Amino acid sequence: MAQHSSSPPPGEKPRWLDEPRNVTKVVWALVAVCALLFLSDLVYEKHPVFKVEYLFGFYAIYGFVGSVGLVLAAKWLRKILMRDEDYYDRDR
Amino acid sequence: MTAIAELAMPLNPGLLVILGGLLVPLMAPALARVYVLALPAAVLGYLHLIPAGEHGALAFMGLDLQMLRVDKLSVVFGTIFLIALFLGNLYAWHERDRMQRTAAQIYAGAAIGAALVGDLVSLFVFWELTAIASVVLIWAAGTDRAYRAGMRYLIVQVGSGVILLAGILFHVHGTGSIAFGNIGLESPGGALILIAFGVKCAFPLLHNWLQDAYPEATVTGTVILSAFTTKLAVYALARSFAGTEMLIWIGAIMTAFPIFYAVIENDLRRVLAYSLNNQLGFMVVGVGIGTEMALNGTAAHAFSHILYKALLFMAMGAVLFRTGTCKGSELGGLYKTMPWTTGFCIVGAASISAFPLFSGFISKSMILTAAAGEGHFVVWGVLLFASAGVFHHSGIKVPFFAFFAHDSGRRPKEAPWNMLLAMAATSALCIGIGIWPEPLYAMLPFPVDFVPYTAAHVFTQLQLLLFAALAFTFLMRTGLYPPELRSTNLDTDVVYRKLLPWLTLGVGRSIDASWTRLTSGSIALLSLAIDGAARNFGPNGLVGRTVRVGNGVAWVAALLLVVLVVGYAAG
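Protein chains in written order, with the working numbering: chain A, 52 to 143; chain B, 55 to 625.
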């Protein structure tokens, strides 16, 4: 599903992102930035309103878990909600 | 006539835009495209020259109309509407369709007019005009789908106006006032007025006209549509229902449920329509909380939202314009030949996701802070979830599936210069507001006591967003992410596009069947009677048959015999 599933048309100069290794590099860069951000909880001064904000790396965990939950729930919803593209047109 | 004209002075800027728009069809396209840039620019200058206060008081058929109210809340909305019209017109520079260009000015003028009036009757007139003018932008797409979607859109929008009118009647009857001010749920007609605003604001279950119609409009039409109708409704809510607690919950639901649809939707302009709905939720929460900070947040968020949402629709419009499709399943790899559009789309994506240094950050954080400050823990949690979610589908999904993902092999040309210029200007505003929010804060209805760029705000927001990105990467790499599929997802429109037609057809068909059965039964009965009569009384029937004289005499003799016997027996 990533950027490398098909090669560019013949005669076209391959781009940096066409190389799967480079995509992996981007992914690792993101992981590194996330790790640093997670640790940044040690550095900045918190102004929590709710107790849950005292949890170390709360926003990071919430962002990750929330997003994964969102996508998996939506994927499951497809079973109920998904119809053919011409669902509304085919009676005509 | 002159007296009325004098009383109506200074003229409502929205009315000026409408009157100016009416001149567009008289012009050659070469002139019209320059003119529609000058028009909003001039009216924007004019709006800021009008002194604050209430003008244009008119007594008309016993109603005290207030044609113009200039205060901070109305000016901030009027300003962003005019900026959006300018940018939308620049984006549509290449368009040769006079109809669309005219309709866009009238539509925008109606929204601006509605934001600047001070009474409910004038509001109603402009409210309906936005519906009628805007549907042209959907119909102009010229497809059968667009025609049908436009018809549904028009029915819903005009319906909202009719409900508004009913609400106004109750309200005037109960209170004697037509002032477009704080109304609240308890006042007579308040509930109806709230529903009317709610339809236009795409409240949950009343929302589906938005996702149905906007993606069917023309490339340039959707950009215009995205700016006005729903934000006019947000303005009306802020004006009349600030502090209505129910709105906090309605808004929270609005931020959350559309993002599930956005994840599985294939048409990327429809994904943006769902995220538009989600962003409206934040504003509605702000209205519901109703504190100065929250209402400032709503106004600021409407301002930045109109810009980044227009920018995203512009980028997807450019893709549609160049490739003829906006479906995630058919796009990918476009960054190679549309690098500028890609860049501008990413600016829009970063802004809607509220990355620090982009416009969404300095406005959305006000609403979240207000919600937390008032102790709304659950709502705050939902808004935080929705913030991560909006990054997921508008921030990542839209640019990723259009411009990156798997290479679709498409090599479209870069967008036309006017589209690029419009996107560049909108991007500059998105970044400008993000870096330097003070001018926007100065326009807000209340004094701003809020610092967006604290270490805690920046770090927590970056954590939330980048871990959402990490989640996306994780799901993509593991193949758990649902692929883009050509599909339709059922939403509330299934009620009026399938269920109601099915019910109506069902009732109609059963009436039809019973009628057929009744009529054919009666016909059968009648023919039985006719056949019987024919058999007995017809030419060869028992009774009608002609008989010979001898037989006739025999019959008479037999009858006489019967009479004789009966007479004898009776005697």
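Hints listed in this document are in silico derivations from the structure and should not be mistaken for laboratory results.
Fair warning: there could be bad hints in the mix.
Here are the computed lysine to aspartate or glutamate pairs in the DMTMM-like style, where the Cα-Cα straight-line distance is at most 25 angstroms [stated by the list, open to error]:
#, chain 1, residue 1, chain 2, residue 2
1, B, K467, A, D135
2, A, K130, B, D547
3, B, K390, B, E492
Taking beta-carbon pairs under 8 angstroms as the criterion, some of the chain B residues facing chain A (in silico) [claimed, not checked]:
#, residue
4, A195
5, F311
6, F314
7, T379
8, H430
9, F513
10, R551
11, L554
Just some of the chain B residues that point at chain A, by a computed CB distance under 7 angstroms [to be verified]:
#, residue
12, I318
13, P499
14, P501
15, L516
16, F521
17, L544
18, T546
Note that this is a predicted model, so its numbers are computed, not measured.
We put the CB at the ideal spot given by N, CA and C, even for glycine.
To see whether the hints hold, each was checked on the structure:
no.: 1; hint: K467/B <-> D135/A; verdict: 31 angstroms, violated
no.: 2; hint: K130/A <-> D547/B; verdict: 18 angstroms, holds
no.: 3; hint: K390/B <-> E492/B; verdict: 37 angstroms, violated
no.: 4; hint: A195; verdict: 15 angstroms, violated
no.: 5; hint: F311; verdict: 10 angstroms, violated
no.: 6; hint: F314; verdict: 5 angstroms, holds
no.: 7; hint: T379; verdict: 12 angstroms, violated
no.: 8; hint: H430; verdict: 10 angstroms, violated
no.: 9; hint: F513; verdict: 5 angstroms, holds
no.: 10; hint: R551; verdict: 5 angstroms, holds
no.: 11; hint: L554; verdict: 13 angstroms, violated
no.: 12; hint: I318; verdict: 5 angstroms, holds
no.: 13; hint: P499; verdict: 24 angstroms, violated
no.: 14; hint: P501; verdict: 21 angstroms, violated
no.: 15; hint: L516; verdict: 6 angstroms, holds
no.: 16; hint: F521; verdict: 4 angstroms, holds
no.: 17; hint: L544; verdict: 5 angstroms, holds
no.: 18; hint: T546; verdict: 11 angstroms, violated
Checked against the numbered hints listed earlier, the structure breaks hints 1, 3, 4, 5, 7, 8, 11, 13, 14, 18; every other hint is satisfied.
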